Amino acid sequence: MTRARLRKWVVAVALTALLGAGATWDLLPAPGAPEPPLIFGLSAEPVNLDPNLSVGAAAQTVKMQLYSGLFRFGTGGTVQNDLVASYEQPTPTTYVFHLRRNLKFSDGSPLTATDVAFTFERIADAKVGAYLRTLLGGVQSVDVVDPQTVKVTLSAPDAVFTTLLALPQAAIVSKAFALAHNDDLKAATLGEGPYVLGEWQRGVQLTVERNPNYYQRGLPRTSEIRFVFYPDDNSRFAALESGAVDMIEYVPWQDISAIRANPEFGYQGTPGPFMYLQFNVTQAPFNDARVRRAMGYAIDRDAIVKTAFFGRGTPIYGLPITKGNLAYDPALDHYYTYDPAKAKQMLGEAGFANGFTATLLSTSQYGMLKDTAQVVQQNLNAIGEHVTLALPDWATRIATGNAGRYQFAASGAVGDYPDPDFLTVYFHSGPTYYNYTTGYDDATMDAMLSMARGMLDPAGRAAMYGRIERKALDDAPYIFLNYREQGYAYKKSVGGFRILPGFLVFYTAGTLDTITVTN
Amino acid sequence: MLKYASRRVLIAVVLLWVIASLVFAFLHLLPGDPVLIILGSEGGSQAPSPDQVVAVRHALGLDRPLPEQYGRWLAQLGRFDLGTSLYDSTSVTSDILGRLPTSLQLIAVAVALAVAGGIAIGIAAARRRGTWVDAALSGVLASGLSIPVFVVGTLMVLVFGVLLKWVPIGGYVPFTRDPAAYLRQLVLPAVTLAFSLLGIVGRITRGSVLEVMHQEYVRTARAKGLSEARVLTRHVLRTALIPIVTVIGFQFGILIGGTVLVEYVFNWPGISTLLFTAIQRRDYPTVQGVVLVTSALFILINMVVDLSYAALDPRIRYEGGA
Amino acid sequence: MRRRDPARRVQVVTSAAVVAAVVAAAAFPGLFTGKDPLLMHPTIPFAPPGGAYLLGTDEFGRDLFSRIVYGARPSLEVAAGSVAVAGAVGTALGVIGGYWSGVWETVTMRSADVVLCFPPILLAMLVAGFLGAGVGHLILIIGFLYLPQFSRLAFAQTLAVRRAEFVDAARAAGASSGRILGRAVLPNIVGPLVIQASLSAASAMLLESGLSFLGLGVLPPAPSWGLEIATARNYMFQTPYYVLWPSLALSLTILGINTMGDALLDYLDPRRRAG
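Sequence lines, in order, name chains A, B and C.
The C-terminal position of the first sequence is numbered 518 in numbering that gives the first Met the number 0, with every residue numbered one higher than the one before it.
The C-terminal position of the second sequence is numbered 321 in numbering that gives the first Met the number 0, with every residue numbered one higher than the one before it.
The C-terminal position of the third sequence is numbered 274 in numbering that gives the first Met the number 0, with every residue numbered one higher than the one before it.
Looking at chain A on its own, in the form it has when it is part of the complex (with noise of 0.2 Å):
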């Protein structure tokens, strides 16, 4: 062969290959479907992804893509049949489901009765952990009338009852999945939600994929979704701002008149969460309810919303029920007023004319909590008292509140509904959580709340609640500071996207099979 022939042979050779590996590049690992896949920016790892436990926002967010309960929100915040295609009442603690016809699992096994029932078993099992056990203790009994009809009878009237079946913890699982799992749902899934999971990998991100048996025709609209982690702060939403992502969930506030400014970005937020002081009420200074009233009138709620949350949020001077809630009463939304002199006056009644001395606890792991504790400090002692910080991190936090080794603490939290009864949790006896009040132990209260979710007539149970919340307020085992705005911010090439309102924001992942994405 001459040197020529040679030549061209290797210049052939280079080109074909050349050309190969440009054709098949994309055929190389890549995302796959045709259409777009939403990539989400979510803020943690999910732990774990058993739907009846709950293990923060991140993780239910795709909870909710891969299960569907019983109910569901729907915009505006009401409850909606998800599973169930109509029910009925016979008796106040009766309720007989109806499910659909033709409901499958993601494999396409059939949801039948047998998993609802099964469901309510794990829920109630000590020893799964599930979310909802003591809200659903008043479950007395399910029976299974015929494949598509459940019967479940309470120990007592509950007007909660089918808003907490419409919580994402009441997700119902496949019991032969389950059984055959050793009922260790963490890893592995089997749901009958909008997507399927698809590849997760560790670290970096998961993948949901449509699900070919859901049963709402035509949804989702969008095929996948692509989650990547960024516990960030900064890096998450640097991401939304180059195009790394689509979406991000938890709008840093700082971030958050930016974006609304930037007409490339569409943004939708609602006040929901809130902050509050919780005491120890088994001991000085927080044992006398003159003291939590003073510290009502102490507490700057404005700085807190201005340097914790860079203006977004809002003052709360009463309870944090909202208009539109069933239990809203206007006069009690300023019982209190930022008035350090008068809180002064207050402490000096109560015999602490010299100030009290007391640690604030806090965390140092969550900038919000932190935050907000330093501002309380800096009020405090502004009016004379000698407040000192504990800043532990959050599981020290924890194991410290649980035990009860607190004088008084900040706090933030959301409702888990929007039913007045959410209060419950706060203002009735109990065992000790690091979240509550300590030693708050009423029973005239513990009575009221009962009856009050006991009423099935909203108009008793609302007249039952004012009365509730004077109490509550009078009494303040916890002084509320304010809400702050939760929010989302997407690129205008996402459409359909729709947030929940007040408590139920962190449950708009479940309008997530609604979104599209345009190239």
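Each hint can be trusted.
Derived Cβ-Cβ restraints for the label pairs, each shown as a range:
| hint | chain 1 | residue 1 | chain 2 | residue 2 | range |
| --- | --- | --- | --- | --- | --- |
| 1 | A | ALA446 | C | TYR240 | 57 to 65 Å |
| 2 | A | SER241 | B | LYS223 | 55 to 63 Å |
| 3 | C | ALA19 | B | PRO178 | 45 to 53 Å |
| 4 | A | ASP124 | B | SER307 | 55 to 63 Å |
No lab work stands behind these hints: they were computed from the structure.
This one's a predicted model, so the numbers in the text were calculated from it and none came from an experiment.
Cβ coordinates follow ideal geometry from the N, Cα and C atoms, glycine included.
With chain A held as given, fit chains B and C onto it using these hints.
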């Protein structure tokens, strides 16, 4: 030689066992209940009921007497099973295997950059000793030693990520998915990590180059008419290389530790951030597993360095190797 | 070449000045600023530098300059405290091991090995993460971590001295161990120990700032440079210069200590003067 090597291996194994036991004791004798934390940490408003806590604790095997838990753990270790995470039931071994390579990639690139840069700067500084150039270059090296790695990283993010917007901030794309993006992400953290190591390598290079430069045989080589470059590579560098290699081996442990801060600042999903999160969550099995693996690596590297020293220098073998 | 070149001299003098200023700030912060680093002005968060607030204000409207000044104290406290602990205890262990050998040697040297088996920051993370943060804890943790450096050094030096002839002579003459230790051993090891102390001080400061950065060190609202950097990171988009002040303060201080340590090394060790 074999006797020396087997002694070292035995010592290494014993050390590992001591560390494993110390970590176990430390974690289990601490206040704070992982069960309550697991059930409550981001669990939302509902308090777990006492019997729920008992049941979960039993399911996780945390209510067995300590010696039994210890025995179980040692047995697991014998099977190279590091247990399962308390949080998400994944195998600790697979978690570590998933994250360790990303850390090692970072370290490998950083070491390469630091050695190349350090040697270059060290030589340049040595050749111009006493001048302002030397002072400036030595200043750069000193900065590498003094400016904390997380400060370097944060400033890098500030300049290249926020102000100039040349590089994406955070978010990790694996190599297989997009090599170009992966390399773009790797640059800043690798350079950051390299910067501190560069200071040490540069200094040692400068020091040994200076020492060697004026010795007889080098002057002879120069007199013979060899070019400066050949003199450097042939004679000077070869001698200087030994302490450099030693110090890199020694610094490896510091590097593994240093990656904590770099991974944190750049959101690089490596093994250090795995440890950090596990500590925060009191995920004992994961903490134990990572500590053990990191110590094992550290001991292994030190042992390799020791053994290669002994292979090169017979005196060490006979002195007993304290 | 024995002369000190001018570039070097400038370096050493500047470093000494920087370190002196930092120590003064730590000891007498009131001399540098009249403002309270903890006082919030919620109406002026992120005020730009200049005017009443030399370096601007932070997210709570607190004066940044004061926070930098007061931030010197915890860093220096931890550096000095941990070196003191490591130096005292480590030296004692090393001398004991080196002088009496046998069991003592095994105990002190092997335990040093165990401590060295593990990357220091990870160990510190573990302990601080589980036992809690704070200056006191850090001093103990970092002191413990740096023990081996001192004990090994003291051990080697003691060993060297012990073998010297004049020690044998002293023993033969009936001198007690205490006298020998005090008169012969200790004075000889002071030099290297001081050098080690300065190296460890810089290193301790690096470690402390790293831990504070991770949230495992000094706790808010007390200012500390590592913590300030961590907080300022969150606001880099809005206020880029916020992160610069504590970064500069920290880096310059450590650089200063390192340069001083080098100068000390040069001064005490004649061979090194050549380079």
